[in-house]
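Participant: One-letter residues, chain by chain:
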Amino acid sequence: MNKYKNDQPRLSEIKKENPFGVPANYFDDFPARLQARIDAEKEVVPPEKKNRFIQFIKPALGLAASFALVALLVYWPVKMYLTSEVVESAQQNNSYEEEFSSMVIENIDDTSFFALLEEPDNGIEFSEEDLLSYVSTNLSEYELYTETEK
Amino acid sequence: MESDDRVLIANLKREEKRDLAFNLLVTKYQERLYWHIRKIVVSHDDADDVLQNTFIKIWKNIDNFRQESSLYTWLYRIATNESLTFINSNKRKHFMPMNDTSEFLMNNLVSDPYFEGDKIQLKLQEAILSLPEKQRLVFNMKYFEEMKYEEISEVLDTSVGALKASFHHATKKIEAYLKNSDY
Numbered sequence: 272m273n274k275y276k277n278d279q280p281r282l283s284e285i286k287k288e289n290p291f292g293v294p295a296n297y298f299d300d301f302p303a304r305l306q307a308r309i310d311a312e313k314e315v316v317p318p319e320k321k322n323r324f325i326q327f328i329k330p331a332l333g334l335a336a337s338f339a340l341v342a343l344l345v346y347w348p349v350k351m352y353l354t355s356e357v358v359e360s361a362q363q364n365n366s367y368e369e370e371f372s373s374m375v376i377e378n379i380d381d382t383s384f385f386a387l388l389e390e391p392d393n394g395i396e397f398s399e400e401d402l403l404s405y406v407s408t409n410l411s412e413y414e415l416y417t418e419t420e421k
Numbered sequence: 003m004e005s006d007d008r009v010l011i012a013n014l015k016r017e018e019k020r021d022l023a024f025n026l027l028v029t030k031y032q033e034r035l036y037w038h039i040r041k042i043v044v045s046h047d048d049a050d051d052v053l054q055n056t057f058i059k060i061w062k063n064i065d066n067f068r069q070e071s072s073l074y075t076w077l078y079r080i081a082t083n084e085s086l087t088f089i090n091s092n093k094r095k096h097f098m099p100m101n102d103t104s105e106f107l108m109n110n111l112v113s114d115p116y117f118e119g120d121k122i123q124l125k126l127q128e129a130i131l132s133l134p135e136k137q138r139l140v141f142n143m144k145y146f147e148e149m150k151y152e153e154i155s156e157v158l159d160t161s162v163g164a165l166k167a168s169f170h171h172a173t174k175k176i177e178a179y180l181k182n183s184d185y
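Line by line, the protein sequences give chains C and A. Per our numbering, the first sequence starts with residue 272, numbered consecutively. Per our numbering, the second sequence starts with residue 3, numbered consecutively.
Check each hint, because a few of them may be wrong.
Below 27 Å or equal to it, Euclidean Cα-Cα: the simulated BS3-like pairs (lysine-lysine) are [what the hints assert, rightly or not]:
#1 19/A with 62/A
#2 287/C with 181/A
#3 286/C with 136/A
#4 287/C with 125/A
#5 136/A with 121/A
Cβ pair distances, simulated, as ranges [said to hold, decoys possible]:
#6 346/C with 69/A: 29 to 37 Å
#7 323/C with 86/A: 36 to 44 Å
#8 86/A with 338/C: 56 to 64 Å
#9 330/C with 29/A: 24 to 32 Å
It should be emphasised that the hints constitute simulated quantities derived from the structure, not laboratory data. The beta carbon of each residue, even a glycine, is placed where N, CA and C say it ideally should be.
Using the sequences provided together with the hints, build the complete structure.
Facilitator: Structure representation (C-alpha cells):
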C-alpha cells in the first residue's frame with residue numbers, strides 16, 4: 272500500500288487532459304455524413320420481391336449445383352490421372368515399336384530396304400486364313416513343296 | 003436528462019418522428035461516444051468508422067431497446083462492443099495474434115496525425131495501451147471519462163467490486179510503467 276502511495280504522485284503529476292484531436296468541424300459535419308451512409312444503406316437493401324417459381328425451385332437448383340460441383344471435383348482429378356497413365360503407356364508402346372523397327376532396318380541390306388520403302392502400304396492386315404487361301408490358290412502343291420524344302 | 007431520453011426513445015419508435023429523433027440523438031451523443039471510442043481504438047480514422055457503425059447499429063436496433071437500462075449506457079455498450087469488434091477484425095486482417103492488442107494500438111497511436119499530446123501524454127497513453135483489455139477500458143472510463151462505477155458496471159456487465167479491483171491494478175501498472183520510463 273505504501274509503495275502504491277509513493278507511486279501515486281507520478282500519475283497525478285500528469286495533467287488530466289485529452290491528448291487527442293479531431294479535424295476541424297468534424298462534429299459539425301458528422302451528422303450529415305452519417306445520414307448519407309444511412310440513406311445509402313437504405314438503397315442497398317430494397318424491399319425483396321420474391322419470385323415464387325424461383326423460390327420453389329431454389330432448393331432443387333442448389334442440390335443440382337452441389338451434385339455438379341461434386342461430380343466436377345471427382346471427374347477432374349480422375350481424368351487428369353487417367354490421361355497421364357494413357358500417355359505414359361502410349362509412350363512405352365511407341366518406344367517398343369521404334370526399337371523393333373530400328374533393329375529390323377539395321378539388319379537388312381540397302382536393296383531390301385529401298386524395296387521395302389517402295390512397297391505400297393495400304394495398311395491392310397491379313398489373317399492367317401487369308402494368307403493360307405492366297406498361297407493355296409496361287410501356288411501349286413509342287414511349288415509349295417519346293418519352297419518349304421529350301 | 004432521463005426524461006429527455008424517454009421522449010427521445012418514444013419518438014425513435016414512432017415511424018413518422020424517427021428521422022428527426024435520430025438526428026437529435028446523434029447530435030446529443032456523438033461527442034461523448036466519439037471520445038469513448040477514440041480512447042479504445044486510438045486512431046481518429048478508426049474512431050470515425052466505429053462511430054458510424056455504432057449509430058447505424060443503434061438505428062437498426064432501436065426497436066429492440068427495452069429500456070431496462072438507460073439510453074446512455076445502452077449506447078455506450080454498443081459503442082464498446084463495436085470498438086472491440088473493430089480491433090479484432092483489424093488484427094485478423096493484418097494477421098496479428100488475437101491476444102496482441104497492445105502492439106496494434108501502439109502502431110495506431112504512433113501513426114495518428116491527430117495526437118496532440120506532449121511526450122508525457124504519449125508515455126501515459128503507451129502505459130494505458132500496455133494494459134489488458136478490461137483494465138484498459140475501466141481505466142479510461144474512470145480516469146478520463148469520470149464515469150461512476152455503477153455506470154461502468156452496466157456498460158461492461160461486470161460487478162462494481164471487480165471494476166474497482168481492475169482500476170486499482172491498472173493504476174499500479176501505469177505507475178510502474180511511468181516510473182521505469184524516462185520522460
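Participant: Next, verify each hint and record whether it holds.
Facilitator: Each hint tested on the structure:
no., hint, in the structure
1, 19/A with 62/A, "holds (15 Å)"
2, 287/C with 181/A, "holds (18 Å)"
3, 286/C with 136/A, "holds (24 Å)"
4, 287/C with 125/A, "holds (13 Å)"
5, 136/A with 121/A, "holds (25 Å)"
6, 346/C with 69/A: 29 to 37 Å, "violated (60 Å)"
7, 323/C with 86/A: 36 to 44 Å, "holds (43 Å)"
8, 86/A with 338/C: 56 to 64 Å, "violated (42 Å)"
9, 330/C with 29/A: 24 to 32 Å, "violated (48 Å)"
Hint check: violations occur at hints 6, 8, 9; the rest are consistent with the structure.
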